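Chain order of the listed sequences is A and B.
Taking my numbering, the leading residue of the first sequence gets 1, the next gets one more, and so forth.
Taking my numbering, the leading residue of the second sequence gets 1, the next gets one more, and so forth.
Everything labelled a hint here was simulated from the structure, so no lab data went into it.
It should be emphasised that the depicted structure is a prediction, and the values quoted were computed from it without experimental measurement.
C-beta atoms are modelled at their ideal positions from N, C-alpha and C, and glycine is treated no differently.
Worth double-checking, as some hints may not be accurate.
Pairwise CB distance ranges, derived in the manner of DEER restraints [what the hints assert, rightly or not]: (1) B:S300 with A:L200: 47 to 57 Å; (2) B:N271 with A:N201: 38 to 48 Å; (3) B:N271 with A:D10: 48 to 58 Å; (4) B:T85 with A:D10: 30 to 40 Å; (5) B:T189 with A:S204: 43 to 53 Å; (6) B:S162 with A:H12: 25 to 35 Å; (7) A:N179 with B:E229: 47 to 57 Å; (8) A:I13 with B:L158: 47 to 57 Å.
Sample of chain A residues lacking proximity to chain B, with all beta carbon distances greater than 12 Å (derived) [stated by the list, open to error]: (9) E18; (10) K29; (11) L36; (12) E54; (13) G67; (14) E162; (15) S184; (16) Q214.
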Amino acid sequence: MSDIIIEVGDRHIREINEDIQAACKTGEKIIVRNTLSRHNLGIGLPDGANIHFEGSVGYYCGGLNNGATITIERNGGWGIGEAMAKGHITVGGYAGMSVGAAMLGGTIHVKGDSGPRCGVAMKGGNIIVEGKIGYQSGFMSHSGKIIALGGAGASCADALWEGEVWVAGEVESLGVDVNIIEPSAEDVAEVEGILEPLGLNDSSREWRKMISGQRLWYFESRDANAWLMI
Amino acid sequence: MCGIAGRILNAPGKVGDDLVELMVAQEHRGSDSTGFAIYGIPRDTGYVLRGMGFDKTSIDSDMDDFRNILKSHGSDFIEDPTFVTNEDSHYCTRMVISDPKDVTRWINDADEITDRFEVQSCGRSLEIIKDVGSSDDVANKHGVRELIGTHGLGHARLATESSVLPNASHPFWARPFPDVAIVHNGQITDYYTWRTKLEHMGYRFLTYNDSELIAVWVSDQMKNGLTMEQALTKSITSIDGVFTYMIAQPDGIGFAKDRFAMKPLVTVQNNGELAAATEEQAVRRVVPDESDIINYDGPSMTDIWGVGNRRAAA
Chain A
1 MSDIIIEVGD
11 RHIREINEDI
21 QAACKTGEKI
31 IVRNTLSRHN
41 LGIGLPDGAN
51 IHFEGSVGYY
61 CGGLNNGATI
71 TIERNGGWGI
81 GEAMAKGHIT
91 VGGYAGMSVG
101 AAMLGGTIHV
111 KGDSGPRCGV
121 AMKGGNIIVE
131 GKIGYQSGFM
141 SHSGKIIALG
151 GAGASCADAL
161 WEGEVWVAGE
171 VESLGVDVNI
181 IEPSAEDVAE
191 VEGILEPLGL
201 NDSSREWRKM
211 ISGQRLWYFE
221 SRDANAWLMI
Chain B
1 MCGIAGRILN
11 APGKVGDDLV
21 ELMVAQEHRG
31 SDSTGFAIYG
41 IPRDTGYVLR
51 GMGFDKTSID
61 SDMDDFRNIL
71 KSHGSDFIED
81 PTFVTNEDSH
91 YCTRMVISDP
101 KDVTRWINDA
111 DEITDRFEVQ
121 SCGRSLEIIK
131 DVGSSDDVAN
141 KHGVRELIGT
151 HGLGHARLAT
161 ESSVLPNASH
171 PFWARPFPDV
181 AIVHNGQITD
191 YYTWRTKLEH
201 MGYRFLTYND
211 SELIAVWVSD
221 QMKNGLTMEQ
231 ALTKSITSID
241 GVFTYMIAQP
251 DGIGFAKDRF
261 AMKPLVTVQN
271 NGELAAATEE
281 QAVRRVVPDE
291 SDIINYDGPS
301 MTDIWGVGNR
311 RAAA
C-alpha cells in the first residue's frame, strides 16, 4: 500500500484528470502535487476515493463529487465542489467565490474564510466555514445548511428558498427577505451534531439562524420597488 | 468574459515578458484580441506614441497628414516612426515626438483623422500595444516580451458587447492625459447613457467598446481635479454594470470593482512587487511558489499599488 502521486505542472487538464480517475480505481490514497492553482482538478470523483491536493487549486476542484473524500491543502478558486452529490471536501485555507454552488449533498468544510455567494443555489448538504462567509452568501439556496463560525459579509442570506444560514459572530448586513429566528434546542443540537465530527462543536456559541421571509416566493411585479437594491 | 492583468516590478526589468505570461495563462478567457500597456523608463521630454492606421496602403499620406498636425502644434518626430504590418489591412506604428505646445489641443486636432489613423497611447513612458489575436500572436507580432519597464497592464478580450476590431482591443488610453491607461473585465450597462452625456460634453469616442467609456469617464473626472483614488471610488456608484477595471499611471496601478462582486481579481504582493490577474493560476505563472494570495472578492472595492523605483538600473 503506497500513495499514488500525480504531478500537475503544465500538463493538459484532461490527461491529469484521466490519471486521477484511473488512480481512484486502485483504492489507494492519491496525492496531487504542483497544482499551481490550476482549474478543474478532480471532477466527478467516485465514491470511496481519497485524494489530497497539495498547495492551492483553481476553479471547480471537486465539482460533481460523487462520494470522494477530498482535501485541499491551501486555497481554492471559484465553485469548489460545485454540484457535488455526496462526499466530503476540506479546504485548508480560503475558498473562493461560490463554494458549493448548486451542491446536492455531502459536506464542504472550509478552514479559512469563503468568498462571495457561498452555497449559491445549493440544494442539499452542508457547508461549514470556520472563518467568515463572503458577500451575499446563501443566495437563492434551496435546501441544506451554511454554517459560518466567524461571521458573515454584507447581504447575508439574500433571497433564500428553503436553505438555512447559521452564523456565529458579526453579520455585516442582511440580504433581502431574510428572517432571523431563535433556533430551537433541537435545531442547535442538529448543527452541533454536524460540527462535532469536525471537532468544531462549542455549546457556548450564540447562533443566528436565517431562513427565508417567504415574501419573495410570491413575487408580484407591482411590488418590484420593494426589492430594488440598486 | 475577459482576462486582465497588472504587474509592478521593484526596478526596471522584463515587464513585457511577465505580462505576456499572465495573459497566455488567461487566453481561455478571450482571444479575440489582446493588448498591453507597458511603462518603460520615462523620458524627460518628448512623448512616445503608439498608433494604428486602418489601411496600410496609405501609410505615407496618413503620416504626412499626421505630421502636419504635429507641426502646427510646434512638435515633430524625434525618431523615424517604425511600422508593424502583416496580412491584415491595418498597420501599427510607434513614434517619438517632441512636446506639442498643448497636448490636449494637439490630440484634439490629431483625432480629426481617426477615420484613417488613431493615436492609441501617448506618454513619457506609456506604450499601448494592442491588436486582434491571442496573447502569443500579439506578443510575437509586436515583440512585447522584449519590452523593458517598471509596470504595466494586460488584457485578453472576449468581445460580448461590440465588434472585434483591432482598435477596439484594450487597453484604452485616457486621452488627453499622457501616461494613463485602463483595462476592464465586465459589462457597462448604462453605456449609451454615459456615452451620450460625455459626447455632449465634447468627448470623442473612437470605438463602441464599453471599456473605452471607462477611459473617457476617468479622463473627465481627472479634468475635474479628482485624484485616481477619488475617481475609482466614485466610479462604483456612478457607473452601472458588473466590472473590475484597472487604471495605470506613472506612479502606480489602481482598481475598482462593482457593487455585486461579480468579476474577480487576485494578487500577490511582496518586496514592492505586484502580480495581479483575473485568475490565481495566471499569477502563479510569474510567482510560481505558494505565496500569500490576496483575493479582492468583495463588493465595491478599490485599491492602489504604488511603483517604487522607476529609474534604477535593470
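Here's how the hints hold up against the structure:
{"no.": "1", "hint": "B:S300 with A:L200: 47 to 57 Å", "in the structure": "31 Å, violated"}
{"no.": "2", "hint": "B:N271 with A:N201: 38 to 48 Å", "in the structure": "42 Å, holds"}
{"no.": "3", "hint": "B:N271 with A:D10: 48 to 58 Å", "in the structure": "26 Å, violated"}
{"no.": "4", "hint": "B:T85 with A:D10: 30 to 40 Å", "in the structure": "33 Å, holds"}
{"no.": "5", "hint": "B:T189 with A:S204: 43 to 53 Å", "in the structure": "47 Å, holds"}
{"no.": "6", "hint": "B:S162 with A:H12: 25 to 35 Å", "in the structure": "33 Å, holds"}
{"no.": "7", "hint": "A:N179 with B:E229: 47 to 57 Å", "in the structure": "39 Å, violated"}
{"no.": "8", "hint": "A:I13 with B:L158: 47 to 57 Å", "in the structure": "20 Å, violated"}
{"no.": "9", "hint": "E18", "in the structure": "20 Å, holds"}
{"no.": "10", "hint": "K29", "in the structure": "21 Å, holds"}
{"no.": "11", "hint": "L36", "in the structure": "5 Å, violated"}
{"no.": "12", "hint": "E54", "in the structure": "9 Å, violated"}
{"no.": "13", "hint": "G67", "in the structure": "27 Å, holds"}
{"no.": "14", "hint": "E162", "in the structure": "24 Å, holds"}
{"no.": "15", "hint": "S184", "in the structure": "33 Å, holds"}
{"no.": "16", "hint": "Q214", "in the structure": "24 Å, holds"}
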